[in-house]
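Chemist: Okay, here's what each chain looks like letter by letter:
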Amino acid sequence: MIDKRIPTPAEAVAGVKDGDMVLISGFGEAGNPTELIHALIDLGTKDLTVVNNNAGNGHIGLAALLEAGRVAKIICSFPRSSRSEVFQELYRTGKIELEVVPQGTLAERLRAGGAGIGGFYTPTTVGTPLAEGKEQRTIDGREYVLEHPIRADVALIKAESADPWGNLTYRMAARNFAPAMCMAAKTTIVQVREIVDLGATDAEHVVTPSIFVDRIVEIPEPISEAAILRQAERGEKAAAP
Amino acid sequence: MIDKRIPTPAEAVAGVKDGDMVLISGFGEAGNPTELIHALIDLGTKDLTVVNNNAGNGHIGLAALLEAGRVAKIICSFPRSSRSEVFQELYRTGKIELEVVPQGTLAERLRAGGAGIGGFYTPTTVGTPLAEGKEQRTIDGREYVLEHPIRADVALIKAESADPWGNLTYRMAARNFAPAMCMAAKTTIVQVREIVDLGATDAEHVVTPSIFVDRIVEIPEPISEAAILRQAERGEKAAAP
Amino acid sequence: MTGPSNPIENPTPHPALKPPSKPRGLTRDQMAWRVAKDIPGGSYVNLGIGMPELVALHLPQGKEGDNRQIVFHSENGILGMGPPPPQGEEDFDLISAGKKPATVIPGSAFFDSADSFAMIRGGHIDITVLGAFQVSESGDLANWTTGGVPAVGGAMDLAQGARQVFVITNHTTKKGEPKIVKECTYPLTGAGVVTVVFTDLAVIDVTAKGLEVRELVEDLSFEELQQRTGARLSPGPDIRPLTAPLDP
Amino acid sequence: MTGPSNPIENPTPHPALKPPSKPRGLTRDQMAWRVAKDIPGGSYVNLGIGMPELVALHLPQGKEGDNRQIVFHSENGILGMGPPPPQGEEDFDLISAGKKPATVIPGSAFFDSADSFAMIRGGHIDITVLGAFQVSESGDLANWTTGGVPAVGGAMDLAQGARQVFVITNHTTKKGEPKIVKECTYPLTGAGVVTVVFTDLAVIDVTAKGLEVRELVEDLSFEELQQRTGARLSPGPDIRPLTAPLDP
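Protein chains in written order, with my numbering: chain B, 1 to 241; chain L, 1 to 241; chain X, 1 to 248; chain G, 1 to 248.
Be careful, since some hints might not be right.
Derived DMTMM-like pairs: lysine to aspartate or glutamate, alpha-carbon spacing no greater than 20 Å straight-line [unchecked claim]:
id: 1; chain 1: L; residue 1: Lys134; chain 2: B; residue 2: Asp20
id: 2; chain 1: B; residue 1: Lys186; chain 2: L; residue 2: Asp140
id: 3; chain 1: X; residue 1: Lys99; chain 2: L; residue 2: Glu85
id: 4; chain 1: X; residue 1: Lys99; chain 2: L; residue 2: Glu233
id: 5; chain 1: L; residue 1: Lys186; chain 2: G; residue 2: Asp126
id: 6; chain 1: G; residue 1: Lys100; chain 2: B; residue 2: Glu233
id: 7; chain 1: B; residue 1: Lys134; chain 2: L; residue 2: Glu135
id: 8; chain 1: X; residue 1: Lys100; chain 2: L; residue 2: Glu135
id: 9; chain 1: B; residue 1: Lys95; chain 2: B; residue 2: Glu67
id: 10; chain 1: B; residue 1: Lys186; chain 2: X; residue 2: Asp126
id: 11; chain 1: L; residue 1: Lys134; chain 2: B; residue 2: Glu233
id: 12; chain 1: G; residue 1: Lys99; chain 2: B; residue 2: Glu233
id: 13; chain 1: G; residue 1: Lys99; chain 2: B; residue 2: Glu85
Pairwise CB distance ranges (calculated) [claimed, not checked]:
id: 14; chain 1: B; residue 1: Pro222; chain 2: L; residue 2: Asp197; range: 32 to 42 Å
id: 15; chain 1: B; residue 1: Pro129; chain 2: L; residue 2: Ala68; range: 50 to 60 Å
id: 16; chain 1: G; residue 1: Glu224; chain 2: B; residue 2: Pro129; range: 53 to 63 Å
id: 17; chain 1: G; residue 1: Thr185; chain 2: B; residue 2: Ala68; range: 35 to 45 Å
id: 18; chain 1: X; residue 1: Asp66; chain 2: B; residue 2: Pro222; range: 23 to 33 Å
id: 19; chain 1: L; residue 1: Met1; chain 2: B; residue 2: Lys134; range: 35 to 45 Å
id: 20; chain 1: L; residue 1: Ala200; chain 2: G; residue 2: Pro245; range: 29 to 39 Å
These are calculated hints, taken from the structure and not from any lab test.
These numbers were taken from a predicted model, which means no experiment stands behind them.
Every residue, glycine too, gets a C-beta built ideally from N, C-alpha and C.
Using the sequences and the accompanying hints, generate a full structural model.
Modeler: What follows is the structure, given as structure tokens:
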């Protein structure tokens, strides 16, 4: 089907299976596909491996997915934040596996997965504990570590606009991991603020071409995780003695 | 200098040295930096290694650089065309070295060079003569060939617009190898049809961010190699008996 | 859609209707039509240069809302390539991988060569249609060089990367030599990459069990096809006549 | 620009002017000012989270035509990051790598994480300014973890990839332990990556010959600096006083 529009988030995430690897776009609170994550929570899928730059904040979105006990393992670069209490608790009690990957290596592993690259050598982590157990080699006098691609079952993505075929644009720094994640998943599911007419996006301005997109659902007024977290913080401060 | 504007092509290519590796953008006759190439011919630099998808057409641009005897080696994916007579003759008489690289591997080697990747594994060429002598390995049951990055001294690039810092846009299929080449060179020299004001290009629509650009020269009405080749062909046909 | 023998549509005898010394094979256009029939709507397709380009003429293009829509990929950085422009409307910045003037349809996107081959190598192109000098029993493809100045372009990336590699080729060379062979003698483009071969005489699937004939032109027996082939063929489980409209 | 001792600008005694038991070190703002002085106009700069962010306050931003302009890179996909927005004008889609509301200046560009780290890893960032738990004699940097939940972010990529790695740090911990050490005891972020260390007491170049003191605060002798340092220092060829304006 070249027309990839799906009416609801529930239908968009249908078919995600227990044990799947799920890529989730977003950096901090910019670019999170919150509605799709909550549809995935409602679907009940478990034993997921999740890839995201972070590990959730507060009790919404990715943090809610963790809190619901659906995630067996998380691959991320920075699981700590002032509001990552759900992840912290799961990690402390041994209920979640963590693979920490440097942010650039994470992005490059996703791109490699999407681009059919079998592995690549990066200087990042050489000489550090994160290089332990990894194959190293010297190329042109410099040390490199071998890193492997990430290829996932599903990507949950937030974008700004899509045409019916799935040509995507993003908004400012909400772009972050989304383009590489769209490439790296077998099924790429995208929530967009606006579905535009075919041809409405200048072909020069398409950031993610439609070939990387499988399903689109329109969420005109997406939840802002940042706004909700700030509200929660104000509420807690107000409630404090 | 954050303002990268240079008045003339001659000043823009100043400093290119004998023996340099020079990346030249373009695919067929779309995206060729013809004015910069001719400035390089005028500069007299020789023993160059040139990277381009092709090997020149007719007697203009890259073909003229070859014809002037300045190129010791060419790295390209497709040196044959109906008008590649200059290259063919140099190759036949042993006056130029040729490294044929699959088009996707060429693009990826350039990107790797620009992205600090020490090498990557690709399935392309496995089982073919172009894999001979290359390191191979099996990853997840699939065979891959190890390929190395290309890092060059200079890139000569054609783009559509630049702001004074060098944020570039391209026009349609003239984009091709330019973004990867801008990344892969120590000095990236760009001819653009138009220099626009700072801020005139929407930050979402920048294709090559300014960090990859060193010098910009405005050529409002660039030579069209395609038009000149067609003219030449018509002339030859008209002159034919 | 009823095969090449309707006398009303074809009042003067079609050359293929004469008593054949050569079998009544498909024309180039009929072969292209036949390939097109196997391309599902919604596919992302890359057509090689030459005969594969004819396939585009038999696929729906640019009709919004038509889920039979195919999106054509051109490795120089286009998704949504349309038909060639009318003469006089060529734009030198908008060319196909074959360096010919092109157009784009609504829903198209431009991108750079690295991204373009990420699509190819990463398995995002559903089908590529390529020409061939030779195809082997195990699906090896030789289509890039027979000697002279080596020039590979994007052929090896496409052969390795596309989910399906369709080959469109005459069954034999002009001299009658088989192009489907036990092992390729020309340098390979890719090993074990071909999924289906569409010739003027047959449609042949490359399977784990070897080459299986799915369709065969009507006036040729399986044995006669085997005689024109340098590799062992077997009849597919559901072998059928290969037919195409006279002027597809 | 004349050092921290102008009584007219500072009628009440600055804490640093009291007879020091601790040496009269630079404040955080003065350290940031001093780092900024070593960043040439036209540089592409990535500032780490925390004290490094203060450096931005001492660099020209967004003045078109000013060749002293610095372009700030934020690893979440921004070149040309500007100062934080006024309260009430935050946009949650425009945040810094530290996840704080940000702005962009004219001449900025947005891109994805893969491209962002291509810039970093590929050596396109001229200078990164990072904090440190420890820096070793050979320029090893430890700044990502001291235990607990591991979290690395982009620190290792920046440490390996930027052409120059400036470290901004107090010379010793709050307990007075040296942060410049013979060998790091904390897990490394990168080995041999630091080029210059800017502390409250000194500016120290990491050279092939070891740590060379380029600048030293005025009321501290070289020997006193060495006592506060866990690694062997040598005076640079042109050692000078480290000074900064009182309220830079």
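Chemist: Is L:Lys186 close enough to G:Asp126, meaning Cα to Cα at most 20 Å?
Modeler: 13 Å, holds
Chemist: Hinted pair, alpha-carbon criterion (20 Å max): X:Lys100, L:Glu135. Please report holds or violated.
Modeler: The given pair, whose Cα atoms are some 37 Å apart, is violated under the 20 Å limit.
Chemist: Taking the CB of L:Met1 and the CB of B:Lys134, does the distance hold inside 35 to 45 Å?
Modeler: Distance hint for L:Met1, B:Lys134 holds at roughly 40 Å.
Chemist: Hey, B:Lys95 versus B:Glu67, does the alpha-carbon distance stay inside 20 Å?
Modeler: Distance ~11 Å between B:Lys95 and B:Glu67 Cα, so the pair holds.
Chemist: Is the distance from the Cβ of B:Pro222 to the Cβ of L:Asp197 consistent with 32 to 42 Å?
Modeler: 34 Å, holds
Chemist: Could one say that the CB atoms of G:Glu224 and B:Pro129 fall in the range 53 to 63 Å?
Modeler: Between G:Glu224 and B:Pro129, where Cβ atoms are some 35 Å apart, the hint is violated.
Chemist: For G:Lys99 and B:Glu233, compute the direct alpha-carbon distance and say whether it is at most 20 Å.
Modeler: Holds - the C-alpha atoms of B:Glu233 and G:Lys99 are around 16 Å apart, at most 20 Å.
Chemist: Mind checking the hinted window 23 to 33 Å against the Cβ distance between X:Asp66 and B:Pro222?
Modeler: The hinted range 23 to 33 Å holds for X:Asp66 and B:Pro222, with Cβ atoms some 31 Å apart.
Chemist: Hint check: B:Lys186 vs L:Asp140, CA-CA at most 20 Å. Holds or violated?
Modeler: Given that 20 Å is the threshold and the Cα spacing comes to 17 Å, the pair holds.
Chemist: With the threshold set at 20 Å, check whether the alpha-carbon distance from B:Lys134 to L:Glu135 stays at or below it.
Modeler: Status holds; Cα separation ~19 Å.
Chemist: Below or equal to 20 Å on CA atoms is what counts here, so check G:Lys99 against B:Glu85.
Modeler: Distance of about 17 Å is within 20 Å: holds.
Chemist: Quickly compare the C-alpha distance for L:Lys134 and B:Glu233 to 20 Å and report which way the hint goes.
Modeler: 58 Å, violated
The structure fails hints 1, 8, 11 and 16 (numbered hints given earlier, in ascending order).
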